[in-house]
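S.K.: Spelled out, the chains give:
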Amino acid sequence: MSKTIDSNPSLVPVSAIKPARKELEAVRKELAEAKGPKFWRSLEELSGKHEAAFGELLEREFPRQHSEWLDPVSRRNFLKLAGASMALAGLAGCTKQPLEQILPYVRQPEELIPGRPIFYATAMPFAGYGLPLLVETHEFRPTKIEGNPQHACSLGATDLFAQASILGLYDPDRSIAITHMGEPRPWGEFLGAARNRVVYHKGNQGAGLRFLTGAVSSPTLGSQMKAILQIFPQAKWHRWDPVHRDGARAGSKLAFGAEYDPQYKFAAADVVVSLDADFLSGAWFPGFVRYARDFMSRRKEPGEGMNRLYAAESSPTTTGAKADHWLVLRHSDVEKVARALAAKLGVAGAAAPPLSEPQHKWIDAVAADLTKHRGKSLVVPGEFQSATVHALAHAMNDKLGNAGQTVFYTEPVEVDAVEHTQSIRELVDDMNSGKVETLIIIGGNQVYDAPADLDFQSALEKLLTNASKREVPPVTIQLSLYDNDTTPFCHWHVPEAHYLESWSDVRAHDGTASIIQPMISPLYDGKSAHEILGIFTDQPGVSGYDLLQAYWRSQHSGDDFDKWWRRSVHDGFIAGSAFPARSVTLKLGSLPEPEVRTVLKMVFTQAAPAEVKGEVVEVMFRPDPTIYDGSFINNGWLQETPKPLTRTTWDNVAMISPAMAGRLGFEELEGELISQSDLQKNVNKDHQSDAQNVIAINVGGRTVRAPAWTQPGHPDGAVTLFFGYGQERTGRVGSDTGEDLARSDAPRPTRSVGKPRGYDAYSVRSGAAYAGAGIISTTGDHYPIAVTQGHFTMDDREPVKVAKSLEAYRKNPNFANENPEEIPKTDESLYPYFGDKGFYERYAWGMTIDLNSCVGCQACSVACYAENNISIVGKYQVQRGREMGWIRIDAYYEGDPANPNIYFQPVPCMQCENAPCEPVCPVGATTHSTEGLNDMVYNRCVGTRYCSNNCPYKVRRFNFMLFADFDTPSLKMMRNPDVSVRSRGVMEKCTYCVQRINAARINAEKQDRYIRDGEILTACQQVCPTQAITFGNKNDKDSRVSKLKADKRNYSLVPELNTRPRTTYTAAVWNTNPELPEKA
Amino acid sequence: MPQIEEIDLLPPKGVRPPVIGPGHDLGTATDRIAGIVLTKHTPLFWFAIVALAVTIVGMLNTAIAYLFARGTGIWGINIPVGWGFAIVNFVWWIGIGHAGTLISAILLLFKQSWRTSINRFAEAMTIFAVMQAGLFPLIHTGRPWLAAYWLFPLPLTMGVWPQFRSPLIWDVFAVSTYFTVSFLFWGVGLIPDFANLRDSAKSLVVRRIYGMLAMGWRGSARHWNRYETAYMLLAGLATPLVLSVHSVVSLDFAVAVVPGWHTTFFPPYFVAGAIFSGFAMVLILAIPFRYLYNMQDFITLRHLQNCGKLMLATGSIVAYAYVLEMFIGWYSQDKYELAMVHNRLHGPYSHYYFMLVFCNIISPQSLWFNKVRSTPWMLFVLSCIVQFGMWLERFVIVVMSLQRDFIPSSWGMYWFTKWDVMTLVGTMGFFTLLFFLFIRFMPAISIFEIRALLPQAKVKE
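So the sequence lines, in the order shown, correspond to chains A and B. Be aware that the first sequence starts at 1, since it is given in this note's numbering, and climbs by one per residue. Be aware that the second sequence starts at 1, since it is given in this note's numbering, and climbs by one per residue.
A few of these clues could be false.
In silico lysine to any residue, SDA-like type, Cα no more than 20 Å apart, as pairs [what the hints assert, rightly or not]:
#1 A:K376 - A:D398
#2 B:K335 - A:E894
#3 A:K376 - A:A365
#4 B:K335 - A:L1057
#5 A:K1034 - A:A1046
#6 A:K265 - A:G404
#7 B:K335 - A:P824
#8 B:K335 - A:E821
Source of the hints: derived by calculation from the structure; they are not laboratory data.
If we strip away everything but chain B, and leave its shape as in the complex, we get (with noise of 0.2 Å):
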């Protein structure tokens, strides 16, 4: 098949780009996008980035089985900074998290048809992003072995609970609630695309496995019926979740004392912080995905440019933020809250404050013009710069606020090591390889819901 080229898709100027490419019926676009599952070529960039990923995650096991042995001082943290990379991750990585569901349920919800060619492998991003989050609380305890233990509330006849009063326990609860909606919304929205590719499939061993993932749909009315009730119904949970989760994360720092931490406004803008680095990796993995698999009339730049906009959205509500939380600094008059202010600004990580505010507040207004939004090398970088901000803002607000509270005599600094750096890399390695299986073996883009979109699927009632 030949490469698409970016300009052949380029509508007349001050037309929107489509949300799918022209040309396509039923048949062709089911055997695009199956084609990426049932090929019998697996392309070499493929294995290529699956060995990398592999190596990295070995690396973040080596990390993890020395945490294990030698204890929570093999990283940076100390006392004041009791928290560091672990949780500035955890925060991360949830974050990322959020458009996934965001666009399948919340979109879904206000028939935002342009959702349909990112939704899937959104909600994987979703799922394997909480995957990641969802490790470091555990391996940010002194004892995980016993923090998987007492963290559940277990009905057992000691009668020992969880405390509920701590939003560390609601943390529980939040994201391991989240992780199964999500993976709910996700598997049901695969159900049948799986039985397509139990259909489609040549080899019998294939057509068995994806057999037993369609669950023996056959795709009839009453099939259809249930399942649109069932999708809505699951989007409807979805949707509070997408919310919630991360106002309860937030809560984590909202909660304590701490300046810098202690603020009504976190949850709004945690949220809008969350959606923001979201979209800023659903970009991240659609632009090379559609680069690599030919996939630009199904990801179009009608979905870039909206993935954009949003990011301008969310990102001033973040910039939004940020100002007031400088402002309220210096509104409350409070002196403890004043020095987190001038720690900002003047303290000793106060660099990592202006990268923030240049990736964050500065480098996400190019999103204005229409150039930026349509240009997607331009979107990718963009979006690494902001991914990288997300993380300094919560390098920002964790250690930041710790080093320097109410005792001067306790301030300190924190400087990460090597395990650190490990750790969260090989994350990112496990985040990928993930994500590579996913594109390889289940059909990244919804086939079902794609063919909603074709001219033919318009039945004139």
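Extracted from the complex, chain A is given alone in its bound form (with noise of 0.2 Å):
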């Protein structure tokens, strides 16, 4: 680019213009520190004194600096000046802007029908693997993610991150603009730069060339990494991922002499036994959306179809809480209950270490319960587990006959597979060692979340001040989404494309590989990896739409490549292109020394645990249930969604189990579980902002201060941190800015001017393990915790009703009706009964909701955000009891603190058909549709909140302020056009999604028909992994949800208040071994 500069004979010779420089520094100095307005009349006023530089500046078709615009660093200087003096204000709008006529659609473009959707397959990226999915569009803007239906790993359900991944897409506070050094620089020069390094390393072989990126598995991204290693076969590809799986990669080397991903056949295994594998919960967990809906296949119908899930389990999890035996275990114990699971099955060099006599009974019952079904069970490994712990799972599942049946393996998805904590040590070696010229970061927040003792920060520093001072100084570059804790430390940042406007491939758990097209195009001029790995391929500035398919040309065999492409990209992946199982091997040697062991030695060997009060306790690792790695912690929905054990919002806590919080001196225990807030000191009943004991927790002599958080089912002598908080440079809703977010009036924030929310677990992380050794001391301060729910237990109501094994249920199929009589008849009330004035004719719409199914995943909570444009409120606000969700996932506890029963319970509005909160509105704000939905009219709402009093199931939500942000333009791009955006001052509530009934419905009348079973799928309905949720019409016998509703245990929510709700629950029914101690 320069060079053809250089050469232009034309050109006057820097040197011999004569500098108007010095004036027109005086005035940039001058408005620099102008006090007062900054505006003027003319631009006389302006500049005055140095009017005659300025004007000629100005006036001058050719000012006197004009050639310096060529030469690269002069051209920075005019860049400058153009920054202090014209963007102030006033003259930007001088500039003349580019031609741009804005036209109608004189032919529309083929398929769009204004306010009818288009739904187009796509799939996102998340933790290393693929989630296909379908994107609803109005008008070419993505506003709402729904799974893809024919794909083998989504069957319609997502994940609660996908549902949120579109607020990400919209979020104000992404990076808007390419910097270097902090400054804006354009595309061009980013461009110049980086190839000048190209340059270079092709001189030196891609020596100290070095990428980092997280765990790919698009095969596309895959190829391009391999072409740039071909052309510098010296450079570096590092990956790292926070929540890594080295683990498992360790473990099928140690079972098999290779790696390979299990794949896991749920619907087919009997038995299942978790050790630490949190498949019910997790989203991380490769497959979550199929192998939930997969498992819970089994439990629809009580009977002997029903499987059996035993979890040996540390940090609990939804899974733990879905088994019908769960086994507490600290990090370390689920090792050796492994161990001495796999020696009773004969598992060859599995020694059986010492259990307590409890540990003994439940794994004899395991492995009789295992052995009697051979080729129909399967022991699944955690993630976050050691080596060994997967290998023991391999072989059992060997020895079990479970191989080929319930469990195959196939290739890894991931693409080259590394052990990350090994790569992200070596890059950082290199680092500081100076080997690093160049280093490309795409994605992530390594200064953040790389482990505490590699200190990612001060090597990427050294690169940044040039520490090894060499003559080509080093260059790093961050592609990100965000402004992150990693940005300033390197000299160029440029703002990444949503997987939703850019083009990329991936591939799903099964292998599966989607095309992911874009949505829209990019919001803030980002670019895709695709595009800036290409930089450094021969082929710059090829777009990721031809790399794209230029790599599945070279992949696809056929000549009818652009059928073949068509039909791909508009399904959403590649027929066939799923890894086939391979047959395996074991090849088990001797299993290596307990991991945790080794971490336990390397912290005492640091720290002096003399200096340190406190309990010595095991410290887990785990990712946060909804901000995942810290990368979701600018989503406010994400944010708002409670935590599904904890009901916790805003923060992350440190989980500690109940004894321990009476060690500390929270609370004495009485051996009983009442409230979650009662297990606490210092605390009001069920209020939602309780304030938490601080605690001090020294790991490797690194301290962190967390709120603890008394759980039930929490192993004791162990504390479990949540990773993703803490983080010092993000947006308005990821720091805690101190301000209400629900002020309007308030200024609102574009960057962080806040203090971090939450604690950052990655601090006291050494070498990246999931487990290690601390101290745990009490600090005597408190912080307050936004809970949206302050009573965990079910008292005498039984909200949930539950047969606790197969034998209790055959005894007393109707257990969850016992007292039929106390329900009252439809002429028991003084207003007639709206079923015999006409209404409910055609369709009674109901809901079901399978309590045995519900994980408590939360992805229909958010769904639910996204499909119905509700409001997020903040911390604060949720503190006062405000949140706005309009389906809640209740959590309720039993039994015993140290192993109790923890029971999840949805809540939507239940559409009464005596709804209470009908008749006491004063001015008909909430009426009775002719279908028997509790119909809310916006309009009409003053906002008695009369309603909501007298609603039996508090369902109702108010907007106690405006919590609806009307301001901010990308998020009216987001919102759901079907949906008003409700303002203060009105109670708003779950409609069965009657925006979807009425689409619905006018299909049907433009065809003459009634609308069909299934044909409406409410937004929780939809994204629902395990099918918990069904809708449809209560009139047509034949339909899904009367088919449930005609079943015995099939029960209402209070009933005898006579307000004979739509939403129905089926009781739930366990699968206990007779065998073992029933839970409670």
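Each of the two chains sits in its own frame; use the hints to bring them together as a complex.
M.R.: Below is the structure:
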């Protein structure tokens, strides 16, 4: 680029130019120092005594320093000048905008009917895997995300992260400009700088050229990397994900001598043993969406076909909560139990370590049950467990004949899988020793989440300041969605295109490749990883689309590529690209020393425990249930959706066991579980904003202070820390600005101005381990946590009905409706029954929620936010009890706090036939529809809140203030145009997605027919991975909802009030092992 | 005029104090009462009190302006406790507004001559209290500008009517009717006294103003005849309203399904409670008033004693209601009712409940003693305790019931904010301001009715 300019013969040499700089410098300085109003009436007034120089600059067609523009260094000066003088105000308006004509659709784009959504297939890359999606777009604005029903890995369902990613796309805090050392730069300048590095590294075979990405399962990106590594043989590609799968990788190597990904067939398994595998809650468990559905497909009907789940679990998850038998263990004990179980099953080399009496009993029963179900059982190792647990699980599955039946093995989905812990360590070592000259960081936030002992930040700073004093200074380039903690330590920052804005591809957990197609052109001119890597190949400037097509052209053998391509893009996946099952042979040798024991050793050699007083405990590190590794920190929906077990929002907590809370002096426990908040000292009962005790956790000499959360079912002598919070540089949601988010008149910061939200668990995480040892002590401080649920026991209300064994169910199949006479008849009301007044003639909408299937994953809750334009309210308002979610998932605890029963109950509006909310509204703002819905007339609502007071289920939500953001432009594009955005002072609630009902009705009436069963899916139903929610027409006796309502297990909440709810529940039945003691 | 000592007015033991002090004739009675209004020397304390009240009204305006700007979220209300201070205050003020009309209308119909000295300012108290009460239902809504529009049954062409099944609509009618009738009753009663002031006034301007207010009253026999008929008719109209208003207000709660609200005995219980707090308020106003304006010979110990007796009677009804509430909760053996009882006694707000029991059940028992009934300062203190207790009662009913209803996961707490307190205190200031303006510019004691009590008025037939 600069070459052509320098060779221009007509140029005046720079030295010959008489500088006008001095005076302009003065203008600039004056402007910078100027106080008071910064506008002016004329340029003369602005420039004042420097008028001459300024005028000359403005008026001369070719100012004297024009030639400088062509010189890269001087041009920067000009931009600085322009930045100082023109950006202040006023003059920007004088810039002549390019002529952009807006035109109406003369010929409408094909398929576009205004007001009707179009769905496009794509996929979301998450945690190294792809989740196949369908994206609803309105006039080419993506508004809602659904699962791809044709794809085996989704079958129409998604997880909460996919649901919330739409908000991530429109996030106004996303990075919007390419910057160099914090200064905005044009793309061309970045390109020039990057190409300079390419030219430089061409000369040295790529020595010092490093790439850092997360786990990659995009075939195209993988092939690009391979191409780069061919061009630069000395270059290295490093991988780092804080939530890595090193245990699984090493376990596979240990068991088979090679890396394989296990694929489970839960639908075929009668007995499932989870060794810390949270396949029912962790969306980061590869295949979670499909696995949850498969697993729960065996629990819909109580009887012999039911599967049984044993969970040996460390940090409690909803998988443990859903297990028929839950063994609460510390992280290191999971490996012990795995060894004992393997030894019991006869796996060679697994010696049984000493265990407690109940643990022995548990293992004996589980081993017997597994042996009884040879070939139909499954042992699932957890992502965060050691290689040994993985290897033993593979060995047990092999021993039980499950391999090939309920589990099979494929090539790893991750391209060129490596151990992340090792990979990042190598990179940091090279950075520290001065071997790295150019570092390209694709995504992630390594300064924040890299292992604490590596000190990634200082390694990056060395590159930034050229600590090794090389002649060609190092260059670091970061591509990321946000200006995050890593950005200030990189030279270049390039905004990344969201996956909904860019072309790419990704493989799902079974290996099926999906084409990621953009739904919208990049909102902030973001670049995709393909485009950045393209600079380093021989084809810079090639678009992502071309790269993608070129790759797949090379993969497709037939000559019908265009047709095949269109088909694949349309369907959202490449048919038949799933990895075939490999036959593997077990080569399990001797097992390594327990991982946690090595960690313990490390900790005690590093720290001097005498200095720190407190109890030595095992510290477990886990991704946050809603913020994951921290990449969703600025997502309001995920911040506000409660974490499944704790119902906390907006913060991470440090989980400890009830017994430990007692030892720390937080509360004397009386053995009986009362309520979560009763377990805490210094708290009022059932409030949503309990002040929690702050504890200090010292791990290997580093200390983090975190609010303690007494979690029933948490192993004793351990603490769980959650990732994701405590980031320094993030947006207005991710940082604790101390401002009430709902304050519309409050200044809305565009960049973080507050303290970090929550605590940073990474700051004490050494060696990328998921467990370590630490010392826990009290601090005497308190920290408020916003909790959406204050009371965690059912008392005598029994909103969740459950038969705790098949035996109990068979004895009394009517257990959910034991006193039918308590339920009033339709004529026992002063008001006439709507059904007798000509209502409900065609449709009577109803919903059932299967409590056996619900795993409390919160996907429905987030989907509801997306579908219904629900506002978030912020931490302070949640503390006040004003969260707006239309469907909440209640969690109830029962029994022994050390090993409780946990129940989940999603509660949307009950759409009562005799709704108590309706007659009390003074203005008739909530009325009964002829189809049995309780409609809200927002325009009519004056906000007396009487309806909410009179709602026995408390499902109504009130806009106590202006919670909706009417100002941020990008959020306007996100909203569902079929649902109004509620203003202040209006009551709102679940509508059964009435907009979807009406869309289906219009469609059906055009075809002169009734709405078919299954034609309407409510947002919560559609997203549910376990199909716990069923919606349909109660009048249609053949509809699924009617059949479920006819089931004996079907029951209503508080039926004695004669509300006649349309939402009913299917009572849970457990398949407990009669040989083990019942939980409670 | 020398300060009248209480001791001078005490009758011999065993004799009830008179309803009017000795030594008055038609002229002195008229001059004493009209003197408060027509004096040129407004007492200093009046300025002090009015200045303080105006300041508090300023605070009320600030609170309401901020409320309108930001929304009801500035208060402590939430889900599940959708009603907080605003409704508590509403019911409390409405209750206070009961004694006035009761004294004026029901005691008039029962020919209780002792009502005469206190009825005028009790009626004023009613009107001012209902004004405070009426403020809350409007400002507590999420969108007050729409509430004012949608809640009134305007016969518009769009045919959108309020929902007549809702007790809140009944409230709108009940309270506005009550206010209208009370206001008319008060206004009609004032006419002869305005004429009196017109005739006694020295200044032309004052004479003109009271002249207009007197509406041409000349005191002819025909005037008196019509006046008495109208007054009795209005009394007849007002009497059922005294019972109906608070019954309707209680239906706001009784109609709902919330345990602790859904109770059939609420109407009589609320009416008794209202009269209880109403008489407490009469005493809170009368005792300083008679002291500040030297009116011990018009508002005698007889009045205070009678008010005390009425408080004892209505307080006992209220106490019975509390016991009954607990008993029915237990007797029903309904799990939600039992939990409500349990929550009252052991819940997070149980200290409010026990304070309420002390204020409204235990402390009024002192009224059994003549000594307490005859000692103004004791009555004053007791009335303040009762007034606080009655406010607590509404807090207990509104907040403690909503706080824990059916589904345990939704239970929550309610914590009021400074804006809640500012609004409550603000209405007290507004009430005080109105009351002292009334004392200064209108005859606070009915002149013509007092004259009818004097010996000179007893004409032998």
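S.K.: Each hint should be assessed against the structure and marked as holding or not.
M.R.: Outcome of the hint check:
Taking the CA atoms of K376 of chain A and D398 of chain A, the gap is about 12 Å. The hint holds against a cut of 20 Å. A C-alpha spacing of about 19 Å is found between K335 of chain B and E894 of chain A, which places the hinted pair at or below 20 Å, so the restraint holds. Pair hint K376 of chain A plus A365 of chain A holds up; C-alpha atoms about 16 Å apart against a cutoff of 20 Å. Straight-line distance between C-alpha atoms of K335 of chain B and L1057 of chain A comes to about 12 Å, which keeps the hinted pair within the 20 Å bound.
This hinted pair checks out: K1034 of chain A and A1046 of chain A have alpha carbons roughly 10 Å apart, not beyond 20 Å. Proximity of K265 of chain A to G404 of chain A is assessed by CA-CA distance (about 9 Å); at most 20 Å being required, the pair is judged to hold. For the suggested pair K335 of chain B and P824 of chain A, the alpha carbons sit about 17 Å apart, so the restraint of at most 20 Å is met. Of the pairs offered as hints, the one joining K335 of chain B and E821 of chain A holds, with about 16 Å between alpha carbons and a cut-off of 20 Å not exceeded.
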